[in-house]
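Listed below, chain by chain, are the residues.
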Amino acid sequence: MTPMTRKHLLGLEGMSADDLKRFLDTAESFKEVSERPVKKVPALRGTTIANLFFEPSTRTRISFELAEKRLSADSVNFTVSGSSVSKGETLRDTAENIQAMKVDMIVIRHSAAGAPHFLASLLEASVVNAGDGAHEHPTQGLLDMFTLRERWGSFDDRKVVIVGDLAHSRVARSNIHGLVTMGVEVVVCGPPTLIPTDIERLGVSVETDLRKALEDADAVNVLRIQKERQAAGLFPSIDEYARVWGVNADALKRAKPDCVVMHPGPMNRGVEIAQDVADGERSVILDQVTNGVAVRMAVLYLCNGGVAIESEEEQAATDAKATKGKQVA
Amino acid sequence: MMLKLMNLNHTSYIIDNVVVVDPVRNTSYPGHVAVVEGKIDAVERGRAKEASLPIYDGGGLHLAPGFVDIHVHLREPGYEYKETIASGTLAAVAGGFTAVACMPNTNPAIDDPSVVEFILKQAKIAGRARVYPIAAATKGRKGEILAEYHELVAAGAVAVTDDGAPVASAGMARRVMEYAAPLGIPFIEHCEDMAASGEGVMHEGFYSTKLGLKGIPAHSEEVCLARDLLILKSVRGAKFHAAHMSTKGSINLLRRAKEDGLPVTAETAPHYLCLEDKDLVTYDTNKKINPPLRGEDDREAMIEALKDGTIDCVASDHAPHAAHEKQVEFNAAPNGSVGLETMFPLLVKHLVKPGHLTLPQVVALITHKPAQCLGIPGGTLTKGAAADLVLFDPGEEWTVRADALHSKSRNSAFIGHTITGRVKHTLVDGVSVLPAKVGV
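As you go down the protein sequences, you meet chains D and A in turn.
Following the working numbering, the numbering of the first sequence begins with 7 at its first residue and continues without gaps.
Following the working numbering, the numbering of the second sequence begins with 780 at its first residue and continues without gaps.
Everything labelled a hint here was simulated from the structure, so no lab data went into it.
Only a predicted model underlies this, so the values are computations on that prediction, with no experimental measurement involved.
Note that beta-carbon positions come from the ideal geometry of N, C-alpha and C, so glycine has one too.
A hint or two may mislead.
Said to hold, decoys possible - On the chain A side, residues computed to face chain D include the following (Cβ under 7 Å):
no.	residue
1	TYR860
2	GLY984
3	THR988
4	LEU990
5	GLY991
6	ASP1058
7	TYR1062
8	ASP1063
9	GLN1106
10	ASN1110
Just chain D, with the same shape it has in the complex (with noise of 0.2 Å):
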């Protein structure tokens, strides 16, 4: 199934190279919107897009209402915690009373894997996957490889460490399918009971060893790890997994000097990630962010309809946002 049929975004698998980089350039463009002073866009003027929000998120709902707004479309927030079981109404239920109210497009953030895909079955907006379950969070994997590429200028001969709890990754796996879709070396890292079966098929190697890993990594996207895995009998303890898999500069020492260092965020300091490291000269963490509304503006953008916007000079442009330097101190 090719993600973007009928316009929507359910995932980066299947997407093809050429895909992707319409995504990354339309996102080059958008980028400087949020640059003016006066950051906002005609594109989706009359357009109504409904946020629905079945999993308490913060940076992913907030980067979607700016990107919204600057692209001057019409949004509304629902929020509901809890799955449709608990709160009584179904899914689809609330999903179609949306559309009822000629919705033109529908983002979605839900626990369950597959629900964007239930929904885009079910109707005739445009689908936005926000992150399902562990299955993919397509807009983090753009952004992700949207900061890369400012930062690399392109994907060739580059390896990236994704450390962490590979199972319930969302995150993991949307980088996954388009940096392997790019050509990038692909390496996952984590506690053995934390990295699922056959990942290997999907283009990467796993690694248990943080610091065999790392060895000439040209980056690394250090994923949250979640207490209640611990809970679940996962991992011992959290000591034991910053100690082995959390990522500090001892850690890093293994990498390349520029080794670019990412965190899908919220962070917990001093677990998957040391201080040091999290604020440091490699830390991409805030631009990740920053990317994040731009990315989401061109996935808006396509995803109703509009054409694809292409970089002039691809490799200028990188170039010159490469001298801004870093935004982090």
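Using the hints provided, position chain A relative to the given structure of chain D.
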């Protein structure tokens, strides 16, 4: 001038011009069948001669013993919104089944003789397929106290199981086998280690990783099966039947157990022969089943196991659920697919057409072989047996449509599939039950 089978209204007659499929003798031939007072009187080669009985035209259809499905959820009592005994047995005869054994995960569970009697009464009122109730192995299917097997068998129960869930403790599984042994009834296990399954919703493997769904590992089934086989070895006289086998590892365990001469039989279901975990890429909740659709190796092993007899028979695990229950997020959907109406054509398409088995061999998997697993009558063309018969066209292709199913629920994993073989007439005690005379 032959009579039309559509208008069958005699109790003694001949059905002429059919291809007789005899699964016990593993053969098929052009022939005719004489039925006298609802019992099979003679099955002979060639066309019927001048006879004292009225002759009905079989129209060149294939005629076989009525199919037997030993794993069906009829949902009544308790879940009549999903299925009733009337609607479930209508689906059964539409699929060519003249006998079904129904599972005890009803509400209340079939753990009391009154429930057995109620089911048999409802089946009689419905007047379609025969129904053989399978009793709960433990009270309320809770795995704590044995159900009253003597009372339940006296009322008509034919086996015990806590299906839908395993008998979780080894200690209780042993008591179930011991207590059932002198009654000669099998203990049917839903083989699953609940701790190993955890919160899993599909087969654990590459596709669960890709889809971000929690996995149920193959060893969840195998650990429980291995445990039960070890217990079986030590319980004299026990009979054990493994329900809905789904993994290659289970096949290996069963093969060894049979070589060792253990009294074990096993079934698989059509979906484990025709579908795989990769078919879940659209998050279709109708394909959410427990045990889950497994990998390619497992599916291939299952076909081999049917060929070499490691698996004795095929049962549908017909599991109706209402549309509103299935039209939810994948995690939240209940397990199961309806299967009575698609089972035979799926077996023709996936086993006969590719040359894995012959038509009589496939018919055997859903007639006398499953009947033998439970020790119930049916599934043969023996003189004197009840004239439970099915007539079908093995070559007719049709596409499964939800609204054309007779079951009250339409949660089929095979909607949209084009399958081969169509049941035209079903007879129980020599009386036509399909085509249905009146709507439900």
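Status of the hints after comparison with the structure:
Annotation: TYR860 of chain A was flagged as interfacial toward chain D, and the flag is violated, the nearest CB pair being 16 Å apart, outside 7 Å. Taken as an interface hint, GLY984 of chain A checks out: its beta carbon lies about 6 Å from the nearest beta carbon of chain D, inside 7 Å. At a threshold of 7 Å, the smallest CB-CB gap from THR988 of chain A to chain D is about 4 Å, leaving the interface hint in force. Annotation: LEU990 of chain A was flagged as interfacial toward chain D, and the flag holds, the nearest CB pair being 6 Å apart, inside 7 Å.
Interface restraint check: GLY991 of chain A against chain D, minimum CB-CB distance 3 Å, threshold 7 Å, status holds. With its C-beta approaching chain D no nearer than about 12 Å, ASP1058 of chain A sits outside the 7 Å limit, and its interface hint is violated. The closest approach between the C-beta of TYR1062 of chain A and any C-beta of chain D is roughly 3 Å, which is under the 7 Å cut-off, so the hint is satisfied. Taking 7 Å as the C-beta cut-off, the interface hint given for ASP1063 of chain A is violated, the closest approach to chain D being about 9 Å.
The restraint placing GLN1106 of chain A at the interface with chain D holds, with a minimum CB-CB distance near 5 Å, inside the 7 Å limit. Evaluation of the ASN1110 of chain A hint against chain D yields a held restraint, the C-beta minimum of about 5 Å falling below 7 Å.
This entry does not satisfy hints 1, 6 and 8, going by the numbered hints stated previously.
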